[in-house]
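Undergrad: Start from the sequences and build out the full structure, keeping to the hints where you can.
Number of protein chains: 2
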Amino acid sequence: MIKAVLLLILVLVAMSSTFGKYIPKTGKRIPQTLSRGWGDQLIWAQTYEEALYWSRSRNKPLMVLFHLEDCPHSQALRKVFSDNEIQKTLDEDFIVLNLVYETTDKHLSQDGQYVPRIIFVDPTMTVRGDIIGPYANRMYAYEPNDLKLLLSNMQKAKKLLKSEL
Amino acid sequence: MIKAVLLLILVLVAMSSTFGKYIPKTGKRIPQTLSRGWGDQLIWAQTYEEALYWSRSRNKPLMVLFHLEDCPHSQALRKVFSDNEIQKTLDEDFIVLNLVYETTDKHLSQDGQYVPRIIFVDPTMTVRGDIIGPYANRMYAYEPNDLKLLLSNMQKAKKLLKSEL
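Chains as they are written, first to last, in this note's numbering: chain A, 512 to 676; chain B, 512 to 676.
Hints in this document: simulated from the structure, not taken from any laboratory.
A few of these clues could be false.
Claimed, not checked - Selected chain A positions facing chain B (in silico; Cβ < 8 Å):
| id | residue |
| --- | --- |
| 1 | ILE534 |
| 2 | GLN552 |
| 3 | TYR564 |
| 4 | LYS599 |
By construction, the Cβ of each residue, glycine as well, lies at the ideal position given by its N, Cα and C atoms.
TA: Following this line, the structure appears as structure tokens:
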């Protein structure tokens, strides 16, 4: 009974909050999230500048993920990305940023601007070009079967270049 | 009755979709949106580079809004920003970007990095330094009472510097 009342209140609040608000001609849209489906529970940075600032100030490595919503390879990787250990590690030990648009920083596209592409950056703002996936022609690409390598690469990235003494 | 069944299905789907998914120790979080409360129905660009690209390719002016979630002036402006005409104009005629972190582009902080601050950019990638609010010391600031000026500034920004012939 209490649940039903709560549900009713929820529905009323949801209804009332739509009154007087702009609705596009093409119909109501679902608000875009910063996660874009790569982990709704992670706290995503919005821009590379923001991510670098967080990484430096919190002394945590940064993971930059380039992807495209319409790319089947990105979609396939996204499915396995919800893996509990990946999400937990990223949430607790990393700053995370996902981008669908390239930055002007060429250090993030050392061997091209393909997607999906995962690049780690040290809190010293050094791009970890040495942390690579299994493909020689696209060094920062991962496929769904490469989850274990991705996890071990995260462990590598966690060993900071300049550890605090 | 049909509504009740639909609601039940919705609840079941919502429940099932949380199984096996990562939940932070501190409890489940609400996914961050790109709108950050400035218009859930607008299609926000994520980064300045992305916004400039959209602006050029769609030949629409860009509105860049700098704000901070904890800033009372930003919060006050955000409340009136839900105005129907503002939202409709932005949705139909503008590319929109809101940022809580400064970019490296100094053209966007011609008279300082204060918030809230609204800057228009022409599709030619020219920052419209001439479109200003009513305050001499913070030229791109607006307060809740300045909604009419903001709307007329939007009309100014819609007159593109280089119109198609």
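Undergrad: Interface hint check: TYR564/A, Cβ to nearest Cβ on chain B, cutoff 8 Å. Holds or violated?
TA: This hint holds: TYR564/A lies near chain B, its Cβ roughly 7 Å from the closest one there, short of 8 Å.
Undergrad: Holds or violated: is there a CB of chain B closer than 8 Å to the CB of ILE534/A?
TA: 6 Å, holds
Undergrad: At a threshold of 8 Å, is the proposed contact between GLN552/A and chain B supported by beta-carbon distances?
TA: The hint holds - GLN552/A has a Cβ within 8 Å of chain B, the shortest such distance being about 5 Å.
Undergrad: Double-check LYS599/A for me: the hint is only fine if its C-beta lies closer than 8 Å to a C-beta in chain B.
TA: With a minimum Cβ separation of about 6 Å from chain B (threshold 8 Å), the hint on LYS599/A holds.
Hint compliance for this structure: no hint is broken.
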